[in-house]
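Q: Please arrange chain D on chain F, whose structure you already have, making use of the hints.
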Amino acid sequence: MTHVQALIDAIGLGAVYALIAVGIGLVFGVLRIINFAYGQLIMIAAYMLVFTQGWGDVIAILIAVAAAVFASLVMDRAVFRPLRNTSPATVLVATFAVSYLLQNLALLRYTYQNRPVGDSVGVLGGLNQAADIGSLHIRWITFVAIGTGAVALGTIALLLNRTSIGLQMRAAAADFHTARMVGVRANTVIMAAVAISGVLAALSAVILTVQSPQVTNTTGLSETIFVLIGVVVGGMTSLVAATLGGFLIGFANSFLGYELATQGSTSQTAVPFTSGVYLPSVIFVLVIIVLLLRPDGLFVRRGRAPVERV
Amino acid sequence: MRRTVDTLAPLLGPALVVVLFAVIASQTVNAADDVKFRTAIVSVAIVVALYVFIGNSGVLSFGQISFVAVGGFAAGLMTVPSDVKPGVLPDLFPLLRDHSISNAWSLVLAAALGGVFALVVGVPLMRLSGLAAGIATFAVLGITYNILTYWTRIGPGATTLTLIPVTTDYVQATIGALAVIAIAFAYQRSRWGRQLRATREDPAAAQAAGIDVHRQRLGAFVLSGALSGFAGGLLVHLPPGSITTNQVYLDLTFLTLAMLVVGGVHSLWGAVVGALGVSLVNILLQNGENGIDVFGWNITLPQGSSLVGVSIVMLAVLLLRPGGLTGGREFGLPRSLRGRQAGPEPPAPAPEAGV
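Residue numbers (the numbering used here), protein chains in the order written: chain F, 1 to 310; chain D, 311 to 665.
Since the hints were derived computationally from the structure, they do not count as laboratory data. The reader is advised that the hints may include incorrect statements.
[Said to hold, decoys possible] Pulled a few chain D residues facing chain F out of the computed Cβ check, cut under 8 Å:
# : residue
1 : L438
2 : L441
3 : A568
[Unchecked claim] Across the chosen pairs, the derived CB separations fall in these ranges:
# : chain 1 : residue 1 : chain 2 : residue 2 : range
4 : D       : P404      : F       : I133      : 50 to 58 Å
5 : F       : R162      : D       : S552      : 54 to 62 Å
6 : F       : I225      : D       : S552      : 24 to 32 Å
Beta carbons are placed, not taken as given, at the ideal position from N, Cα and C, and that holds for glycine.
This is chain F alone, in the form it adopts within the complex (with noise of 0.2 Å):
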């Protein structure tokens, strides 16, 4: 493996975790709303995926897809839409228990039937060989990955500056309230937001399972985690720097820990930061530095964001 191998691994896991960054905050640009159950969003697309084992690629993936932008305007209607006028903290421990409930409604799937947790998916198994370009292996479904990631951002681009929902999403993420008084009608610009969630989930679902075709109740819930660091890092107060943040924390997970596992030691009594377990330490510590630094976020203009002073 060398680095340029390693480079092109990271931007494939960037763009994944990129995919799911704007999932997140497209809805916290209309709502507010921090969605910790997004992964759950991912895991139903992936059980879909189990379920329709044999049905054909195409029909699968469409189903998955279906099944994202249900749940996700279920959540929306169930959870969010009650609490819309709650603190934040309310809003996103509700969320917690949301994602904490799917997670073992999923579980249950297997303690009731008595067997290890896990099932297997074959969709688009074909991508995960790998193409040999000069020394390097590089697995298709990294190609697929940047490609679908490329594809979905300018779609919502386009979708976002082209369009009149899209002039009405962007609206509401600048100033909700006088959006509604001009005439954006609130429940349309939010349903718009949330279905495009969960589409933009299925799809990160698709590829994380070709990448691992090992769905388990769990599927979503750390690639969320980092995302949703990604997102702050990189600046929740627009859409470009949360993507931005997003691909980051991708991009220095996979990079870094490339880096760590081939030159930090082996041993377990070895000094903490220099061997490759101590990777979330190391991003931890970076994702701190940043924090302090810029608060706003690292890809916000300075002076743009609204300035919080204590």
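A: Relative to the frame of chain F, chain D by itself:
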């Protein structure tokens, strides 16, 4: 006299509930459920420790469980008898490997380490607020978990730390929880506690009145860290006398935060009610998995359904009462029992500004 009772009601109410809970549980509960009820009392200590910072400052922290973890591992590690330690944990630093201390000192050590760790972390981090503070404190939790899981010079690493003396009986759990409640009450009535609560309601106005927001938040963070460490010490001495890093990571963070929010973030009473209420629901549903008699019907819930039930109860409380069960109010005597001097009901606290 009546005034004193009114003033102390927010302390005496929760304390009495915890004592009653402990007395009833210790007299009636069978051996199998015993640990669950003792754990419930320890979770009161943890949730009140969380409340000292989150409730008073209005800043959401995901990092307090790292202080529980540090306190717990320190108290556990140092009470494992020193004659068996070199055999089971050969990689430890000699200072940790060749010494052990008593149960009481281990709790002091846990509190001290929790406080010192919170101070080191808090000095830079307390400058942050809102989402940035939430993520930065989560990063602290992640680092603590990661290092505790892999660095075998300071602990058991990825294996289970066992052979910890089981000293948290009902008496120790209850006294511990009462101590944490009393300190939390004393703090919130103190000059510093009131200053911090002022910054929660309106940071700009509090600053204009000369309150140093950073210093007040740091003070509460360190106190909360010390209490969390202490609660970790209580936790580690529960049966079966063992601990892993996964026990003091994400699940405990979410569970204790949920307890606090379900009870009501802004009051000590809320922290106690939330911790005991959620624990009771959890115990009830766990027993349901083993079969329970309800009015002559034997109901057996499928394995794993207790977690589903707890999540549903939490969600239902949040949807029906977004301010928590107590709505952020302290425990108070009914109006008819109060002294004549008592003023009108204070207005309910406004929803906090930031996360």
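Q: Now tell me, hint by hint, if it's right for this structure.
A: Hints, verified against the model:
A cut of 8 Å between beta carbons decides the hint on L438(D): the least distance to chain F is about 6 Å, and the hint holds. At about 5 Å, the closest approach between the beta carbon of L441(D) and any beta carbon in chain F falls short of 8 Å, and the interface hint on this residue holds. Satisfaction of the interface hint for A568(D) is found here, the shortest Cβ-Cβ separation to chain F being roughly 6 Å, below the 8 Å cut-off. Roughly 53 Å separates the CB atoms of P404(D) and I133(F), a value that falls within the hinted 50 to 58 Å.
Between R162(F) and S552(D) the C-beta distance comes to about 60 Å, which sits within the given range of 54 to 62 Å. Between I225(F) and S552(D) the C-beta distance comes to about 27 Å, which sits within the given range of 24 to 32 Å.
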